[in-house]
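Peer 1: Sequence:
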Amino acid sequence: TPTPPGSHSAQSLPPISTPSNDPGFKPLSSFISDAPSPLDGNTSVGMKRQRTETNGSVETVTAPVGGKKPRKTLVDTEPFSPALEERLNGLHDEIKSYSWENKAKFPPNLKPRLTAVALEALKLGEYNENFFNYLPKIFPYNRFTMLKLTRRLMYKDHSEILKQRGDALLVELKQLVDQGLPDQERLHADAIKLWESKQSSAITKWQEEIQQAQGNHVPQEQLPPKPDLPAPAKRYKWNDAIKENVWQQVCLCNELAALANEAHGFDQNLAQKMSEQSLRKSLYQKIMGVFPEGWLTTNLISREGKSISEMKRKEKKHVDAGEGDDEDEGHA
Numbered sequence: 001t002p003t004p005p006g007s008h009s010a011q012s013l014p015p016i017s018t019p020s021n022d023p024g025f026k027p028l029s030s031f032i033s034d035a036p037s038p039l040d041g042n043t044s045v046g047m048k049r050q051r052t053e054t055n056g057s058v059e060t061v062t063a064p065v066g067g068k069k070p071r072k073t074l075v076d077t078e079p080f081s082p083a084l085e086e087r088l089n090g091l092h093d094e095i096k097s098y099s100w101e102n103k104a105k106f107p108p109n110l111k112p113r114l115t116a117v118a119l120e121a122l123k124l125g126e127y128n129e130n131f132f133n134y135l136p137k138i139f140p141y142n143r144f145t146m147l148k149l150t151r152r153l154m155y156k157d158h159s160e161i162l163k164q165r166g167d168a169l170l171v172e173l174k175q176l177v178d179q180g181l182p183d184q185e186r187l188h189a190d191a192i193k194l195w196e197s198k199q200s201s202a203i204t205k206w207q208e209e210i211q212q213a214q215g216n217h218v219p220q221e222q223l224p225p226k227p228d229l230p231a232p233a234k235r236y237k238w239n240d241a242i243k244e245n246v247w248q249q250v251c252l253c254n255e256l257a258a259l260a261n262e263a264h265g266f267d268q269n270l271a272q273k274m275s276e277q278s279l280r281k282s283l284y285q286k287i288m289g290v291f292p293e294g295w296l297t298t299n300l301i302s303r304e305g306k307s308i309s310e311m312k313r314k315e316k317k318h319v320d321a322g323e324g325d326d327e328d329e330g331h332a
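Residue numbers (the numbering used here): 1 to 332.
Don't read these hints as lab results, they were simulated from the structure.
The following label-pair restraints were derived from C-beta to C-beta distances:
hint: 1; residue 1: 285; residue 2: 181; range: 13 to 23 Å
hint: 2; residue 1: 299; residue 2: 109; range: 45 to 55 Å
hint: 3; residue 1: 240; residue 2: 192; range: 20 to 30 Å
Even for Gly, the Cβ is constructed at its ideal location relative to N, Cα and C.
Using the sequences provided together with the hints, build the complete structure.
Peer 2: Here you go:
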């Protein structure tokens with residue numbers, strides 16, 4: 001099986017944190033019904049909703065305006081890479097230089113710095129739940145507030161990075177397809193030769209049957225029809241590298257839709273809603289353009305996609321079962 005060329009292989013992509021894989025994140029509907037965030041510059045009248053967090057989960061409580069706020073609960077975090085640790089320490093030092101008496105307005109000059117650190121975390125594969133659990137430790141806000149602010153600031157850069165990764169994977173796919181095309185053409189040529197041989201044998205047998213039938217004065221309408229075996233169609237058989245590449249591209253489409261819908265929930269002017277189906281339809285057309293004409297159809301892509309999805313589901317089930325065995329051994 002050929003290995004993916006280049007440095008943008010699917011296996012090298014760092015994990016991506018979006019609503020689809022962050023269990024501590026609230027559903028889209030909560031953004032629409034919740035009161036405005038203090039960072040938006042607005043406050044509600046009378047009673048306002050405040051959020052506290054325990055073990056990464058988010059709870060909503062009510063308290064009178066001007067009353068004492070519930071204590072912010074911090075969550076234990078895992079160590080970061082040295083590169084990100086250095087950026088976070090620098091951000092923390094800058095945070096200390098600001099006065100936080102008026103927490104209703106986030107310092108505008110800090111937004112680019114926060115965005116830059118979050119972007120670095122994304123590139124390092126550390127833009128995840130652990131990252132958002134850490135932010136309340138250096139900012140005077142809870143996890144949900146910091147998550148919402150950061151993801152709003154990061155939306156354009158985050159989605160652009162996903163698109164660039166998709167473009168890189170498409171280039172890699174073209175290389176994989178070109179690399180395997182000679183073998184595919186040889187297999188198809190062999191299939192054509194076999195078909196021609198079968199067709200020739202069928203014609204010879206039919207001619208013998210016709211002569212025998214005519215000798216027996218069989219009526220014309222009862223003579224056997226001339227055989228017409230369908231020629232084998234061109235079909236590019238996907239190897240494991242191509243399957244993994246396409247799977248990663250489909251996953252990126254899903255994440256783009258998740259990011260856009262999340263951003264739309266935060267701010268309808270920030271992004272339009274997207275559907276995975278429409279993005280996948282566009283992706284299938286791009287994938288078809290990578291293969292030689294006549295070797296692939298959208299139906300074949302869909303069929304291969306279902307096969308890959310089932311394969312990934314079985315792999316995940318196997319991995320989960322293995323982790324369960326490890327836990328049992330640990331308690332033994």
